[in-house]
Amino acid sequence: MVVAGAGLGGLRAAEQLRAQGFTGEITVVGDEPYPPYNRPPLSKEALLSSGDAVRAAELAASLAFRPRAAAGDVRWRLGRTVVAADLTARSITLDDGEVLGWGALVVATGLRPRRLPQTAPARGRHTIRTAADAAGLRHEVRPGVRVVVVGGGFVGCEAAATLAALGCAVSVVEPLPVPMVRGVGHRVGAALLEHHRAAGVQFVTGTGVSRLIGGRPGHPDADRVRGVVLDDGRTLDADLVVESVGSQATVEWLDGNGLDLTDGVVCDNHLRVEGRADVVAVGDVARFPNPRFDSVPRRVEHWCIPGETARRAAGTLIAHLNGTALPDASFAPLPSFWSDQFGLRLQSFGAPGLADRVEVLEGELGQLPAGVAVGCHRGGEVVGVILINIPPARHPGYRSLLSSAATPAAQLL
Amino acid sequence: MKVIVDLELCQDHGQCVIAAPEVFRMDENSKLVYDADPDESMRRYVEDAVDVCPLQAITIED
Ligand SMILES: Cc1cc2nc3c(=O)[nH]c(=O)nc-3n(C[C@H](O)[C@H](O)[C@H](O)COP(=O)(O)OP(=O)(O)OC[C@H]3O[C@@H](n4cnc5c(N)ncnc54)[C@H](O)[C@@H]3O)c2cc1C
Ligand code: SF4
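Read top to bottom, the protein sequences are chains V and X.
Read the first sequence against the working numbering and you will find it ends at 417, with the numbers running on by one and no gaps.
Read the second sequence against the working numbering and you will find it ends at 202, with the numbers running on by one and no gaps.
The shape of chain V in the complex, shown without the other chains:
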């Protein structure tokens, strides 16, 4: 059994294979030199609390997951990249030329951040996905440093809030009219925008970044970023640029096997990769249909998904290896997501991004810190709820709006 990718999904897949009775050899290959660690703190508390001399290894160690005891005999090949897979020969090739054969393969290679297309200037530009990224960014952060965050999604907005708390002068550039639209929709996004502005983060919305400006040619700092030019011609000065312009699934190592890799790896509801009984995908890279919403396969970039998909996928592989039937029950995980920004704890359940209309169920959007609950509707269905600063004791009540999918929220309250 080989698992490609040593993040949360890879770890949970190995653990679940053991928990569900697989006794054969398991090898997990990961290109980062560290055992699996928790990523969400990298844009939040870990970025905030680590000093500017923090090393990536320390950061990864402080955020490391404690694997289940049953996974103690898993073989870890860390610091090694899978460069190719041959699904016909049932093998993968590592960057040092080693070929590993497998009876079953778990695809768990996650995402990597997209970059702005311009390659120069190269210095002063950062992304946040790995411990090494976060440490590299933290090294350059000092109070008073001017930071332009390109892209106002969740990671960008969290980074903006954290960098502002570290004393930086932060501007976020977002081409859409409000940040985090994909996750929370326009009305909640607009309320979050006001909250960020009131906390001192500058937002430039409705325009993108057309170009990065470097230092004076010939100058020692020629290759260091000095500012950005916006699509509308304005310029913003910057000592640092954080590129949070979305991510792309890490799938190039699967090229040449005739798979649809346009956006992650397409799977069925058992997490089997198109037409294969012996290859499954888990975590951010897996594009699977969730019958809770519809039959469209989608990737879900939420922390809860690696664990849920790993459990399902491990069962699928074990049934295949034992020649037993797959479970009849469909896999319909309830996506849940949280985000921390300037003292706001945002918690979403379901898929607010699918909604065509939102309804405030409690509180006022202008008063986020006091607590707001929002129902997200698609036609007559509740497809998501967004809770901001709502005490967790009351989450179950809101979450239950989603289990009876076809009932409008107002009738349930």
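These aren't lab readings, by the way, just hints derived from the structure by calculation.
Keep in mind that the hints are not guaranteed to be accurate.
[What the hints assert, rightly or not] Computed, partial: chain V to chain X, Cβ under 8 Å: (1) Pro39; (2) Ala65; (3) Arg70; (4) Arg72; (5) Gly140; (6) Arg238; (7) Phe297; (8) His306; (9) Trp307; (10) Trp342; (11) Phe346; (12) Pro395; (13) Ala397; (14) His399.
Ideal placement from N, C-alpha and C gives every residue a C-beta, glycine not left out.
Given chain V, work out where chain X with the ligands should sit, using these hints.
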């Protein structure tokens, strides 16, 4: 089995409550309360709770 939650780390996400409602609960003030010595039959659910805690604040000490 013995369950320990590092309450310094815990941010009251409540994910553990979803995974193992018989062991973890939110009190009226939305603070986590839990059974530190649950029955062995709860192990599966407590293991799930350990997995889903975003702060990795829960440990099982046999
Ligand atoms: C900064 C940040 C903040 C986040 N905040 C939140 C949050 O608040 N709430 C939330 O719900 N979610 C959050 N997330 C999302 C969550 O962390 C992810 O959903 C989760 O990490 C996905 O796990 P994964 O195992 O699928 O992928 P990953 O964690 O990306 O793991 C994949 C691993 O495979 C490795 N790999 C890739 N290609 C190869 C190869 N060819 N060979 C070998 N190894 C390879 C990668 O380097 C990586 O180590 C956040 C993510 C980030 C980056
Ligand atoms: S899931 Fe973790 S952080 Fe959340 S309440 Fe439980 S122990 Fe605390």
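Interface hint status, V:Arg72 versus chain X (Cβ within 8 Å): Hint on V:Arg72: holds, closest Cβ of chain X at ~7 Å, below 8 Å.
Go through the hint on V:Trp307 and say holds or violated, using the shortest Cβ distance to chain X against 8 Å. holds, 6 Å
Using 8 Å as the Cβ threshold, decide whether V:Phe297 counts as touching chain X. It is violated, given that the least Cβ distance between V:Phe297 and chain X is near 19 Å, above 8 Å.
Grab the minimum C-beta distance from V:Gly140 to chain X and call the hint holds if it beats 8 Å, violated otherwise. Hint violated; V:Gly140 Cβ to chain X Cβ min 24 Å, cut 8 Å.
Does the closest beta carbon of chain X sit nearer than 8 Å to the beta carbon of V:Pro395? holds, 4 Å
Return the status of the interface hint for V:Pro39: holds when the least beta-carbon distance to chain X is below 8 Å, violated otherwise. With a minimum Cβ separation of about 13 Å from chain X (threshold 8 Å), the hint on V:Pro39 is violated.
Interface hint outcome for V:Arg70 [beta carbon to chain X under 8 Å]: holds, 7 Å
Under 8 Å is the threshold here; is the Cβ of V:His306 close enough to any Cβ of chain X for the hint to stand? violated, 11 Å
Under 8 Å is the threshold here; is the Cβ of V:Ala65 close enough to any Cβ of chain X for the hint to stand? violated, 13 Å
Closer than 8 Å between Cβ atoms is the bar; does V:His399 clear it against chain X? Give me holds or violated. Holds. Min distance 6 Å.
Under 8 Å, Cβ to Cβ, is where V:Ala397 needs to be relative to chain X, so tell me if that hint holds or is violated. OK, holds: V:Ala397 within 8 Å of chain X, min 4 Å.
Can you verify the interface hint for V:Phe346: is its Cβ closer than 8 Å to any Cβ in chain X? violated, 15 Å
In the structure shown, a violation is registered for the earlier hints numbered 1, 2, 5, 6, 7, 8, 11, in ascending order.
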